[in-house]
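First to last, the sequence lines map onto chains L and Y.
For the first sequence, my numbering assigns the number 1 to the initial residue and increments by one for each residue that follows.
For the second sequence, my numbering assigns the number 1 to the initial residue and increments by one for each residue that follows.
Read the hints as simulated data drawn from the structure, not as lab findings.
Hints may be right or wrong, so weigh each one.
What the hints assert, rightly or not - Listing some non-contacts, in silico: residues in chain Y with all C-beta distances to chain L over 12 Å:
| id | residue |
| --- | --- |
| 1 | A2 |
| 2 | T7 |
| 3 | K13 |
| 4 | G28 |
| 5 | G42 |
| 6 | R55 |
| 7 | R63 |
| 8 | S65 |
| 9 | T113 |
What the hints assert, rightly or not - Some chain L residues near chain Y, calculated using beta-carbon distances under 10 Å:
| id | residue |
| --- | --- |
| 10 | S33 |
| 11 | Q76 |
| 12 | N95 |
Here a beta-carbon is modelled for each residue, glycine too, at the ideal position from N, C-alpha and C.
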Amino acid sequence: GQSLEQPSEVTAVEGAIVQINCTYQTSGFYGLSWYQQHDGGAPTFLSYNALDGLEETGRFSSFLSRSDSYGYLLLQELQMKDSASYFCAVRDRGNTPLVFGKGTRLSVIA
Amino acid sequence: KAGVTQTPRYLIKTRGQQVTLSCSPISGHRSVSWYQQTPGQGLQFLFEYFSETQRNKGNFPGRFSGRQFSNSRSEMNVSTLELGDSALYLCASSLGTTSGFYEQYFGPGTRLTVT
Chain L
1 GQSLEQPSEV
11 TAVEGAIVQI
21 NCTYQTSGFY
31 GLSWYQQHDG
41 GAPTFLSYNA
51 LDGLEETGRF
61 SSFLSRSDSY
71 GYLLLQELQM
81 KDSASYFCAV
91 RDRGNTPLVF
101 GKGTRLSVIA
Chain Y
1 KAGVTQTPRY
11 LIKTRGQQVT
21 LSCSPISGHR
31 SVSWYQQTPG
41 QGLQFLFEYF
51 SETQRNKGNF
61 PGRFSGRQFS
71 NSRSEMNVST
81 LELGDSALYL
91 CASSLGTTSG
101 FYEQYFGPGT
111 RLTVT
């Protein structure tokens, strides 16, 4: 089966950079996804890493190290609207479900 | 392209009753997954359907069931409701391909309250 570990809460200052880490254990591995969920809203897809390295999409970047079973989401130039919960998700090889971490609640303060 | 829709958005039921929730995926998406979300528990996987077949089932009791129709629309049913079933139930659709499965599009959810 799969298991994921991510910090439960992170606080950062507006305009700063924050990194949200995710470590995972799977018996096989396809890739790592990140989702954002604002309070009262539905999760929205942010990124997917299948290969090692950094993927950049605007102010958000996601990194994967398959050898370390580790990834992170990097948010730059933080804005108040980035206050939300962020979930990492993985899936084993074969027809297995996408499993989500418990989420990291990011609070951006002035 | 229209997003994922879920009906109803809110439901209040009493213990012992049953409930049916509906999900219409994005056009062209053949995979539908259901999740239960409660405070502090993240997203708990319930089912995944692909082309009318249940491909995976999460660790939930048999009171939770689902199905997918030929037009990819999906329903989930919870029988003999318990107080602990109060949660946000989220439906997500994806293309169903290996890489596409990672990119799921969620509906707004159905907020179920059991009293």
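Structure-based check of all given hints:
For A2 (chain Y), the condition that its CB be more than 12 Å from all CB atoms of chain L holds, with the nearest at approximately 14 Å. Every CB of chain L is more than 12 Å from the CB of T7 (chain Y) (nearest about 14 Å), matching its label as outside the interface. Chain L leaves K13 (chain Y) outside its interface by the beta-carbon criterion, the shortest separation being 21 Å against a cut-off of 12 Å. Every beta carbon of chain L lies more than 12 Å from that of G28 (chain Y), the smallest distance being close to 16 Å; the non-interface claim holds.
The Cβ of G42 (chain Y) does not lie farther than 12 Å from every Cβ of chain L; its closest approach is about 4 Å, which violates its non-interface assignment. The Cβ of R55 (chain Y) does not lie farther than 12 Å from every Cβ of chain L; its closest approach is about 5 Å, which violates its non-interface assignment. With a cut of 12 Å on Cβ distances, R63 (chain Y) stays outside the contact zone with chain L, its closest approach being about 19 Å. With a closest Cβ-Cβ approach of about 16 Å to chain L, S65 (chain Y) is found to remain outside the 12 Å limit, as its non-interface label requires.
Annotated as non-interface, T113 (chain Y) keeps its C-beta farther than 12 Å from every C-beta of chain L; the closest such distance is 15 Å. The closest approach between the C-beta of S33 (chain L) and any C-beta of chain Y is roughly 5 Å, which is under the 10 Å cut-off, so the hint is satisfied. Checking Q76 (chain L) against chain Y: minimum C-beta separation of about 22 Å lies over 10 Å; hint violated. With its C-beta approaching chain Y no nearer than about 5 Å, N95 (chain L) sits inside the 10 Å limit, and its interface hint holds.
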